[in-house]
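Listed below are the residues making up each chain.
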Amino acid sequence: MASVTFSNIGQSYDLSPDESTWALRPIDVEFKSGLTYGLVGPSGSGKTTMLNLISGIVKPTQGQIYFDETDVTKMSIAQRNVAQVFQFPTIYKQMTVFGNLAFPLSCRKWSKNKIKDRVESIADQIGLGETLGKSANKLRADEKQLVSLGRGLVRDDVTALLMDEPLTVIDPQYKAELRRKIKKIVAGKGITIIYVTHDQYEAMTFADEILVMNVGSVVQRGQPEELFERPNSRYVGNFIGSPAMNFIRGVVDQGQVSIAGQRLEVSTSVTTLGGAEIEVGIRPEYVPVMEAQGPNVITAEHISVSDMGSTRVLNCKIGDDIIRAKILRDQPVPKLGPIYLHLPSEKLLVYQDGEIV
Amino acid sequence: MSRIFKYAFVIFWTLFVLAPLSWALVTSFKTPAAVNQGATFIPWVQFDPTLDGWKDILGISGYANLIPNMINSMIITFFASLISVTLGGLAAYGLSRFRYGWKYYGNSDIIFFFIAQRILPPVVLAIPFFLLLKNLRLLDTHLGLILVLTSGLMPIVVWLMVDFFNQIPREIDEMAMLEGCNPLQAFRRAILPLSKPGIAISAIFAVIFGWNDLFFALVLTFTEVKTLPAAVVALNGTVTPFWTLAASAIFSILPLIGFVFVVERYLAKGGFSGAVR
Amino acid sequence: MSLELKDLGITDGTDMILEGITYTFEPGRVYVLMGRTLSGKTSLMRTIAGLLDFTDGDMYFNGEDFDVLPTWKRSTSMVYQQFINYPNRTVLGNVLFPLLRSGLSKAEAKAKALEMIDKVGLSSFADRKPGQLSGGQQQRVAIARALIRNSNILLLDEPLMNLDYKLREQLREDFRELFTTSKDSVTIYATTEPAEALLVGDELLVMHEGRIIQSGVPAEVFENPNSVTVAQIVNEPPMSVLTAEISNGTFSIGHRMKSQIPAHLVGLPDGDYQAGFRASELTIGSEGDMKEEGEVDVAEVAGSETLIYLNTPTGYTIVQEEGIHQYISGDKLGITIPPERAFLFDLSGNLVVAPGN
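The listed protein sequences correspond, in order, to chains A, B and C. All the letters of the first sequence, read from the start, carry residue numbers 1 to 357 under my numbering. All the letters of the second sequence, read from the start, carry residue numbers 358 to 634 under my numbering. All the letters of the third sequence, read from the start, carry residue numbers 635 to 991 under my numbering.
One or more of the hints may lead you astray.
Said to hold, decoys possible - Calculated lysine-lysine pairs in the DSS-like style (CA-CA distance at most 30 Å, straight line): (1) 181/A x 966/C; (2) 93/A x 175/A; (3) 763/C x 553/B; (4) 184/A x 925/C; (5) 553/B x 707/C; (6) 925/C x 181/A; (7) 817/C x 317/A; (8) 134/A x 189/A; (9) 763/C x 175/A; (10) 925/C x 892/C; (11) 32/A x 966/C; (12) 184/A x 966/C; (13) 966/C x 925/C; (14) 966/C x 175/A; (15) 966/C x 189/A.
As the list claims (entries may be wrong) - Derived list of chain C stretches under chain B, where covered just means 3 residues or more per stretch with a C-beta under 8 Å from a C-beta of chain B: (16) 700-707; (17) 711-719; (18) 726-738.
The hints are simulated quantities; they were obtained by calculation from the structure and are not laboratory data. Just so it is clear, CB atoms sit at the ideal spot from N, CA and C, and this is done for glycine as well.
One chain only, chain A, in its complex shape (with noise of 0.2 Å):
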C-alpha cells in the first residue's frame, strides 16, 4: 500500500484556460498510506476526475501525482497496479467465482497452490466461500459487487483500492447489507482506499476522512465528526447530519450577534464585522428546549413537531426563519406557541456569504 499524493494536479477536459471552469482545479492532496477516504459531492464536483487521475484513466492536464515518492504521472494503468470496484459489477460471466477471483492472479503466474489458498481466504472473508464453484454470473447483484471487491483484494501488492460508487446498482433492500459488509471486510487490512459517492450516507459510514467536493475543487476535508461539529460552509451543513444543521439570519452590531432582535454569546470573534449581514449555524442535535429565559436562550415559535421514530424534531420559528431542534423519544414534547431554545455558545457557528467567520 502506498500513500497518493497530488501536486498541484488539474484536470480540463476542453483545455480551456481559465481555470475556473475545470473539472478539477489545480489542487495538492495527500491521500495518507492505509486509509480509508470519501470523495463526496454531486455529480459534476470533480470526484470522478479525481478517480481517474489516480487510477491513469485521464492524464492531468497539469501537475504531478506520487505514489510513495515515485512520480507516476506518465505511467499507464497497468503500471500504476491500482484496483478498481465499479458502479456496475465487473465480472466474467463465462467464470466461476473462483476463476473470476483467481484471474488476477493467475495473469501474474503465481503457483496453483498459493492461488487457490489466497483466493479460498479471500472468499471466506467477502463471505462467497460457500459459492466459490458456482457461476458468478448466478449470483446477486450485490454478491457480483463482492466478487469486484474480492478480485480487488486477491492481488497483495496494489497501491490502492479505489471505489467508484460501488452501491448504485444494488437493490435498496441489500444497500445497507452490503456497505457494512464492505466496512467489514476492508477494516484493519491497512489498504489505502479512496472511495467516490454522492451519497453522504455512505461516505460518513466509511471513510475515515472525507473530502466534500463541489464544483472542481475540495471545499472541506476532515474527519467525520469535524465535518459535522465544524462544517466550514453552509454547504457542507446542509450536506451532512439529519436533519441539516440550522441557519439563521442575523446581525453583527458592536461586536454582539443578534438574530432577531435578540443577543447572543458566540465562541467566534465578530469583532471584525460591525454591522454586518451574518448566519449563525448550529445542529438540531444541540439545541435544548428549556424552561426559562438565561444567558443565550432565545425565544421561538414552536409550530410543528415531527416524529422520526427514536426522536422528535420540533419545527420552530424564529423571526422568518425555522430553527429545528431534536429531542430524544423519551423526553417530553413542549406545547406550540412560545418555547425557550438554549444555543450553546460553543455550538454556536458564525457565518457570513455561506463561509465560515
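Chains B and C: place on chain A using the hints.
Just chains B and C, lined up with the frame of chain A:
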C-alpha cells in the same frame, strides 16, 4: 498516428464499397464507343455522356420499359412490409407483455414457431405455395405475392420487435393504463412513440428483403405482375448491352436508397434513459 | 368513497402472496404500509390498481364491486420505486399526459399542469426530458403526474427508496403538504422506513408474509408493537431482542445481568421471556445494574447518529448513539441496558408489556 490509420482505413473502405456502384453509375451514361475505350470515369472530360442506356429501360427507345415493374415492386414491397410490421409489431408487443400458451408451451415457444418459418429454404416452399395460390386463383396477382412475402417477412419483424419491446420497461404500459388508457391506447400513445428505432429497423429489413425477393416472384408471377428484380433478370438473359444493364441496376436500387435515407433518422434516437432510473 | 377489502387473498399455485386482507380505507387519509421486502406491500397495491388479479375475497369501492373494473377505469394513480416517466416527453408533456382524456381544453390542461409542476418545484425544468433530470427531480415528475388527476386512489410504492438520504429528507417534508391537497382520495404509501411512516401516515398497517399483522395510529403502533416481528419492522435500526427471565423478584437478561423488576413489569408471572430494546435506548458506557461488554462488529454513521452493531455474550445488539463517533471493528465497548425500557414479549413473540412513554 493511430488516428491517421483509422481515417485511412475508413477512406479506403468507402472507396472499396462505392467503386462498383460508381462504375455502374458512370457506365449507365456511356455510349458503346466510350465503353470500348477502356476505363474512363469522368464524364465530359474523358467521354461524352449519353442517356441511351436509360432510354432503353424507361421505354423511351422502345427497347424495354421497367417502370411498370418498378410500380409492381413498390406495391408489393409496400404492402408486404406494412402488413408485416403492423401485425408483426402487434404480435411482438403481445408476446412481450402478456403470457400465452398451452400446458408447457409458452411465449418463447411461440416466438420460436415464428422464426422456425424461416428454417425451410424457399425452394421447398415453392410448390406448396404455387398450389395454394393456384387454388385461390391468386397466381400472378399482387395480392398473392404480397401474402407469400408477408409470411416470410413477419417472422423477422416479430423476432426483432419482441426483443425490442422487452427492453421497454413494463411499468410504462402500466402507468398509461393507470392514467386511463386501455391496453391498445397504452400501446399507441405510450409505447409506439418509444418504438420508433425498433420499427425503423424492422421496416428496413422487411423492405430490403421484400424488394430483393426474386425467387417467389419468378415462381408465382409471370406476365401481369412482373416485379423489378424479375424484369432485370430477364434483361440479363437477353443480349442487352451492359450500359443498359448498368442503368437498370442503378434504377432498381434507387428506391431503397431513398427509403433508408428517410428512415435512418429514427434509428439512433437514444434509448429509454429517464424512463426508469 | 371508501375502499373496502374483504378477506382478500392471492394464491399462485402453492405460494400465498396475500392472505385474509380485510380493511377499509377512508378518503382524505394517508395509510402507510410497512413491511420487509416481499411482505406483500407491492402486491396489495398492484391488486388495488387492478394490475394483479386476486384469487379470494372481495374488493369494493364506494360500495360497488371494484374487481369488475379494468385498471384504466379505476381512477388510481401510482408512483413507483423506480422513477417511471415517459422518456420521450418533456416534463410538461409527462404531467399533461394523464389530462389528455379528462375533457379539459388544451389551455386549461396546460395551466393546470404548469401549476402542479410549480408545486413540486420544477417550474424551471418544464421543457426538459426526464433523462436530463436528477433522480429526485424525476421522482417529482412522477409524483406530479400522479397527483394531477385527483384520482380516487393514490398509491405510492416506496417512492423515496432510490434517493439519497438528503433528498429523502426533503421530499418527505414536501409530501405532507402535497398529500393534504388530495382530500378526496385514499392515499396508500408503502415504505420500510419508520421515520417516513411516522411523518406522513395517519394510519399504519404492518404487513408480514402477505398478511396485515397490526394496524393503528403510527405512533401507537410504534409504542405498542404487538409482536417481536412488528417491533423489528417498525424500528430502524431493528430492536435488539435478548433472552430475559423473571424469577423470585429479579429480572434478568441473558441469565447474566440481574436487576430489580422494573415498575412496568411488576406483577408478571415468573418465567422465560424475550426483552426488546430500541437502539436509541441502549447506551455506550458501563453504568447501572445491567451492563454488558461487547465487541464492535461494525459501526456506521446514519445522518447525525452513529449505529454500533455489537456481538455480546447475550446476543447481537445494536446501539444508536447521538452524534458522530468513530469505532473500529473489534473495539471492546461497554453498553448499558435500561431494564425500565424493556419491551417484554413471551417466547412465541407476542407482546406482554410495553414500557410506555
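Against the structure, the hints:
The hinted pair formed by residue 181/A and residue 966/C meets the criterion: a straight-line CA distance of about 19 Å does not exceed 30 Å. Note on residue 93/A and residue 175/A: the hinted pairing holds, with a Cα-Cα distance of about 22 Å set against a maximum of 30 Å. The suggested pairing of residue 763/C with residue 553/B holds, with an alpha-carbon distance near 17 Å, which does not exceed 30 Å. A distance of roughly 25 Å separates the Cα atoms of residue 184/A and residue 925/C; the hinted pair therefore holds under the 30 Å criterion.
Between residue 553/B and residue 707/C the alpha-carbon distance is near 28 Å, which keeps this suggested pair within the 30 Å criterion. Proximity of residue 925/C to residue 181/A is assessed by CA-CA distance (about 27 Å); at most 30 Å being required, the pair is judged to hold. For the hint pairing residue 817/C with residue 317/A, the CA-to-CA distance comes to about 27 Å; that is within 30 Å, so the pair holds. Proximity of residue 134/A to residue 189/A is assessed by CA-CA distance (about 27 Å); at most 30 Å being required, the pair is judged to hold.
Of the pairs offered as hints, the one joining residue 763/C and residue 175/A holds, with about 29 Å between alpha carbons and a cut-off of 30 Å not exceeded. Restraint check for residue 925/C and residue 892/C: satisfied, since their Cα atoms lie roughly 9 Å apart, inside the 30 Å limit. Between residue 32/A and residue 966/C, the direct Cα distance comes to roughly 26 Å. Compliance with the 30 Å bound is thereby established for this hinted pair. For the suggested pair residue 184/A and residue 966/C, the alpha carbons sit about 15 Å apart, so the restraint of at most 30 Å is met.
Taken as a hint, the residue 966/C and residue 925/C pair is honoured in the structure, with Cα atoms around 13 Å apart against an allowance of 30 Å. Proposed proximity of residue 966/C and residue 175/A is supported: the alpha carbons are some 27 Å apart, at most 30 Å. Proposed proximity of residue 966/C and residue 189/A is supported: the alpha carbons are some 18 Å apart, at most 30 Å. By the rule of at least three residues with a Cβ nearer than 8 Å to a Cβ of chain B, the coverage given for the segment 700-707 of chain C holds, with 4 such residues.
Only residues whose C-beta sits within less than 8 Å of a C-beta in chain B count toward coverage, and the segment 711-719 of chain C has 7 of them, enough to reach three; the restraint holds. For the segment 726-738 of chain C, the proposed coverage by chain B is satisfied: 4 residues have a C-beta within less than 8 Å of a C-beta in that chain, meeting the threshold of three.
Violation of the numbered hints given earlier is absent; every hint is satisfied by the structure.
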